[in-house]
Amino acid sequence: MKKSNTALLFLYPLLVFFSILTLVPFAWMICAAFKGNADFFNSLFLPQGDGFLGIAWHRLTFANFTKLFGELGMLRATMNSVFLASTTALLGTLGGAMGGYALAKFEFRGRKWMTRLVLAAMIIPGPLLMAPGYQMMYHLGLLDTYAGMLLPTIAPAFGIFLFRQSILNSVPMELIEAARIDGAGEVRIFATMVLPIIRPMIGAFLMITFLGTWNNFIGPQILFQSPEKFPLSVAINSLKGVYGQDYGMLMAGTLVSIAPILVLFLLLQKEFIAGLTAGSVKG
Amino acid sequence: MNKGRTPAMTPWIFLIPFLLTFAVFTLYPLTQSFVLSFQQTFGPRSTVPVGFENFRYLFTDPLFWIALKNTVIFTLCSLFVQLPLSLGLALLLNRPELKGRSLFRLIFFAPSLVGLVFVGMIFSLIFEKRTGLLNVALHAIAPAFPLEFPWLQNYVMPALVIAALWLYVGFNMIYFLAALQTVPDELVDAAGIDGAGPWDRFVHVTLPHILPVAGFVVLLSILGSLQLFELPFVLLGGSGPENRGLTLVMYLYNTGFVTGDLGYASAIGWVLALILAGVTIGQRALSRKGEE
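Chains A and B, in that order, are what the protein sequence lines are.
So the first sequence is residues 1 to 283, counted in this note's numbering.
So the second sequence is residues 284 to 575, counted in this note's numbering.
Same shape as in the complex, but just chain A (with noise of 0.2 Å):
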């Protein structure tokens, strides 16, 4: 076991520089959220001075967090950013573990076409439909409304992609026919007996679901007008344009945008990781 000794002596260093490149921009983005813009000019990450380890801690400031939750509304961006990403993540679990259970769990005609169908739906590219979904949400008045954003993605095809491998891989036939012989409803075996069992891929899909509408900025984008309806990444986006030269405030409200996500990944790593690699194995 000597030679792997020596391998791993060579190995330690390497991965530990590319674990510094990667939290560079992390690090930095920090610091500059709690810089002034003078220190911003000043100093790389945290300015120097005579308090503990040689840095000016005194001049660390939340300015930029005062300014962006109390004149710039950023709070109201948070909220509705909170508001899509759960709201979409809860509907289109549910759509999507319904859609997953039938197309698992139910004999009927025409199953193989809903099937075929279901992946079909999963290959549409979004960028397609940009225009076209527009000009419809125009005519259905959706427009600038929570609705519009929320409404196409109830029963997301990929959702029901996952439920019904998920479904099949882990729910015996047996159980469910043991619930209908003891007059139990169709609604009710779904929610007490299929769902607790899916549980891990709920989880996942949750968290993928709510991360991908956390992240979203095309749709909001195209969708909303009016700025008090934009998510934090269209409100970040329209900072910029405005705020262009307040470098600590954009980083401030950009660590205020990513925080929770980071945050709720390190909480849930296990089902985050299992939610991403899902979709990779063919069942």
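No wet-lab data here; the hints were simulated from the structure.
The C-beta atom is built at its ideal place from N, Cα and C for all residues, glycine as well.
Among these hints, one or two may not hold up.
[To be verified] Reference listing, derived: stretches of chain A covered by chain B, where coverage requires no fewer than 3 residues with Cβ under 8 Å from a Cβ of chain B: (1) 23-30; (2) 89-99; (3) 111-118; (4) 129-142; (5) 207-221.
[Unchecked claim] EDC-like, lysine to aspartate or glutamate: derived pairs with alpha carbons at most 20 Å apart: (6) LYS412/B <-> ASP39/A; (7) LYS382/B <-> ASP468/B; (8) LYS412/B <-> GLU525/B; (9) LYS240/A <-> GLU411/B; (10) LYS229/A <-> ASP246/A; (11) LYS67/A <-> ASP246/A; (12) LYS67/A <-> GLU186/A; (13) LYS352/B <-> GLU525/B; (14) LYS412/B <-> ASP246/A.
[Stated by the list, open to error] Chain B stretches covered by chain A per the calculated footprint, using a threshold of three residues with CB under 8 Å from any CB of chain A: (15) 387-393; (16) 416-430; (17) 546-554.
Got chain A sorted already, so can you dock chain B onto it with the hints?
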């Protein structure tokens, strides 16, 4: 009452949310997109039929060709710079005896959580002249280096590729790592005992094993890169100097939502869709050939 049997309607009731949203928000816009691509529009209201004019104009439109060229170059960079790095990192991390493995994995993966808009934001300031991290750091290492150097004016594509690297290397690494963990150790060890060097072991044992997942990652990476929009849009605040950061989807967006011609935008959308379909069919054929 025949217990234990389900009414034929039940599965359809569970499928109602999908059927309704698919019909209204996917199928109808899809057919409309086809109709629109033969029209010229001024905003969502007024349309004029123009026949094949949109497609004919597309092939002589210099902006379309610039956008296509930029998009293809970016996609090639994703394939030949990003993916090898991802696989390399996965190989480095694929050692059970490595201490702190999950910490490294966590660090490398963390940028994938950051949305493209926010990555564009961070990197637009990193590449900023005078105050950006890159100039300040280079100036500190080599004082001859000018603080004023405007990276985003001179190196549009490299800046885009670097920002995308930061975002995606760890993301793709997760897939490669998951695939590598399914390669049986005995197989690699046996090849080692037979005298195969590390490179031979990788090419003849590991690579064939992870090929299906690698094919999937390659496809995902190409499809994603061809639809690049947010990153340059925020990083450059638009299409960049001389449109060097203009991508196909950005051109579609500008045409449809800045100029207001939803018809021409739809025509661009169909060309993009054809390219994506071609890539997908090509990858499928290749991977089927690989399995034989």
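* To do: Apply the coverage criterion to the stretch 207-221 of chain A and chain B: a residue qualifies when its Cβ sits closer than 8 Å to a Cβ of the chain, and three qualifying residues are needed.
  => Contact hint for the stretch 207-221 of chain A vs chain B: holds, 6 residues under 8 Å.
* To do: Tell me if chain B covers the stretch 23-30 of chain A under the three-residue, 8 Å CB rule, please?
  => holds (count 6)
* Could you grab the alpha-carbon distance between LYS382/B and ASP468/B and see if it respects the 20 Å cut-off? => Between LYS382/B and ASP468/B the Cα gap is close to 19 Å, so the pair holds against 20 Å.
* Does the alpha-carbon distance linking LYS67/A and ASP246/A stay inside the 20 Å limit? -> 11 Å, holds
* To do: Would you check chain A against the stretch 387-393 of chain B, counting CB to CB pairs closer than 8 Å, and say if three or more residues qualify?
  => This one holds; 6 residues, not fewer than the three required, reach chain A with a Cβ under 8 Å.
* **Per-stretch coverage check for the stretch 129-142 of chain A, three Cβ contacts closer than 8 Å to chain B** => Result for this restraint: holds, n = 10.
* **Coverage of the stretch 416-430 of chain B by chain A, judged on three or more residues with CB within 8 Å** => holds (count 4)
* Examine the stretch 111-118 of chain A: at least three residues should have C-beta closer than 8 Å to a C-beta of chain B. => holds (count 4)
* **Check of the stretch 546-554 of chain B against chain A for coverage (Cβ-Cβ below 8 Å, three residues minimum)** => With 5 residues close enough to chain A, the hint holds.
* Outcome, coverage of the stretch 89-99 of chain A by chain B - at least 3 residues whose beta-carbon is closer than 8 Å to one in that chain -> holds (count 4)
* Asked: Taking 20 Å as the top limit, are the C-alpha atoms of LYS412/B and GLU525/B close enough?
  -> 19 Å, holds
* Quickly compare the C-alpha distance for LYS352/B and GLU525/B to 20 Å and report which way the hint goes. => 13 Å, holds
The structure shown violates the earlier hints numbered 10, 12.
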